[in-house]
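Number of protein chains: 2
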Amino acid sequence: MSAVDFDELRSRFRLPDGKVYLDGNSLGALPTHTAERLYEVISTEWAVDLVSGWNTKQWIDLPLSVGDQIAPIIGATMGNVVCCDSLSINLFKALTACLEVNKGRSLITLEDGQFPSDSYIADGLSQLLGSDRCRTQAIDVTALTPGILSESAVLLLSHVDYKSGSLRDMHTITSMAQSVGCLVIWDLAHSAGAIDIDLEASHVDFAVGCTYKFLNGGPGAPGFLYVAKRHQEVQNALPGWMGHARLFDFEAKYEAAPGIKRFLTGTQSVLALSAVSASLSVFEGLAMQDVRAQSLALTRHFITLWKQSSVLQSHTTIVTPIDEAQRGSQVSLALEDAFPVSQALIADGVIVDFREPNILRFGFSPLYNTLSDAEQAIASFESVLASERYRLPQFQIRSTVT
Amino acid sequence: MSAVDFDELRSRFRLPDGKVYLDGNSLGALPTHTAERLYEVISTEWAVDLVSGWNTKQWIDLPLSVGDQIAPIIGATMGNVVCCDSLSINLFKALTACLEVNKGRSLITLEDGQFPSDSYIADGLSQLLGSDRCRTQAIDVTALTPGILSESAVLLLSHVDYKSGSLRDMHTITSMAQSVGCLVIWDLAHSAGAIDIDLEASHVDFAVGCTYKFLNGGPGAPGFLYVAKRHQEVQNALPGWMGHARLFDFEAKYEAAPGIKRFLTGTQSVLALSAVSASLSVFEGLAMQDVRAQSLALTRHFITLWKQSSVLQSHTTIVTPIDEAQRGSQVSLALEDAFPVSQALIADGVIVDFREPNILRFGFSPLYNTLSDAEQAIASFESVLASERYRLPQFQIRSTVT
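Order-wise, the sequence lines are chains R and D. For what it's worth, the numbering used here labels the leading residue of the first sequence as 1109, then goes sequentially. For what it's worth, the numbering used here labels the leading residue of the second sequence as 1109, then goes sequentially.
This is chain R alone, in the form it adopts within the complex (with noise of 0.2 Å):
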């Protein structure tokens, strides 16, 4: 039994009444108080202060302070995070950081099935640098050895994948890809927030991440960066005046700040970063380890279910693994028309996602999802495929968005 309370936990936020919220691994839920700070930054912040708040209300420090929020829940030491951009341009700024640091490298090695957009932010450096300078290559991440990574520069991974929900041994893949001279970059999308993660431990070089998911920070909210102690004096590709060591002088001649601040470029949203910094109270006081077992409570507890159902074992398949040591916040099941189950689950109020070709995920959000959900789920689940309601046409339409 761990120390925390959970159900305390999940009174702090706003849930849909009657629905089973699945997808926390897409968008976290909304915390209570993070809603109230909002209004407050609004009406009072914004309305009120104006441009002095930028000053007064500390605005210009919230990427550096929310990155210091980030730190601890990903295993980082304050200074060494900041909270701004996308998780996309972020990873842009750690790559090219990386071909810097390793300047005889130009292999940027990624994994068959990376995240897309990180395969796309890798490919355009590539094609901006040109393949002198940077050239990338995909890899079965189940067969990685020293030998594939001795000419890399950077490997680049998501620490849990976001199909598949498997979890990546950071400690071991980072010290084996180091032993032959390669950095390693973390995606942290699908992990910040529910796996205990320790950066500093693992010695890694970089990270990135979103604050969307686990991390509860609205739709779309910003993405993280994280950048070892080691290589903060690296330049950032993308300069601008918010990494300026004296933005306010603006002097015609960039000049980095020092450490972690260097690698911010523009004014970034302070409503964003202003509900990224409330949801995240919601971690303080918080032993992520604590987290972590939730995480694997909820999940072993779904999957126990779904071991004891006759109608799920005929019709789905486990694609996360059994050995929780590898398991992420998720389990995703392949099974054929799993679009439409999809869909039908949707509309018994069980909240989850379809991935292509035929992937559902279910999401466990350790923070405010519960046995219940689980238990929740199965049901309906089992009551989808048994009476093949899914076949019904209202089900099987795509929309552009799903």
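Be aware that one or more of the hints could be misleading.
One copy or two, either will do: identical chains are not told apart, so a pair holds if it fits within one copy or between any two.
Subject to a maximum C-alpha distance of 25 Å in a straight line, what follows is the list of computed SDA-like cross-link-like pairs (lysine to any residue) [as the list claims (entries may be wrong)]: (1) 1211 <-> 1240; (2) 1361 <-> 1256; (3) 1271 <-> 1464; (4) 1361 <-> 1463; (5) 1211 <-> 1238.
Keep in mind that the hints were calculated from the coordinates and are not lab data.
Assemble chain D onto chain R, guided by the hints.
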């Protein structure tokens, strides 16, 4: 007399009691209904719709739909503007696009005294690509000739200079540059929402801007990017899933969406974009010629009063052009002790700002500033100078942010 009821427009904003706010060129005021709209987005859309909001509430379309709201304000055709990221990131996309379009050339020309963050991005790109592929030159914009641009891939200029408030002749300069094969990027940060701009008629190639000044989108609100239809086949150097032809298919290979959409990169803040969208609705039905006329009426009145004041005449020099065709929506004055004077004015309730080394900026936002604001500012300015109360110790203290 304009047909526009500016008193009614002003009544739509929440302005701070007892203050004369002349810093809308730095951060625009809050439209009352923007606050209401944000409460709705937070408490019903995020809280209740949760992940389905991307579809049911058209969050996914916001960068394009807000772009379409900006379009008429800057004389752009719908479908040629996208609202996303920061101005700096959008400038990076525009500069790399210009180098691709103008393949034989490698020179970025910008002006001495260019808004620093614009220069940093250009210099950063030169460092990233190497000087054989990209270098920058700074020129005196008042001495611009076709000859100077004959080897330039692109000319980057601010439409209104942030410090002096000078407005540049977009049509003439664009055509001069293009006559020698040089593309043009206009930075509209200090003109969008205050000046009547016609990007299409001026045959502009690219433009960037921000939405937190005269567009009132909120502190740190997203930037925007205009790309002329003829350049929309160019690749985005920062390709991300939001710009993919079929983003929710999660394809490993990037395929750019047709049109302006390809210039999107990562996921964007729904809160930030919803604020911009709500604030832009104030512009609906307004002719920008009328907005421009009101802006000129305000700065003209301020300058007339300034000319009539012997105290101001003896202590200050006008930096902003007297010629209205060359004036943006601010009046900048140079004076000794400009910093403590700015602080004394602010203490008096006249919110202005200071820019290094000796500039006071009085920004006039045509949608909510009044002739009376100009009068109160002048009266307070005279009193601060005549009384010499700006010499008080509390007005000398420079915080890190001003």
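Point to revise | Ascending list of hint numbers which this structure does not respect | key: Of the numbered hints given earlier, the structure breaks none, since each of them holds.
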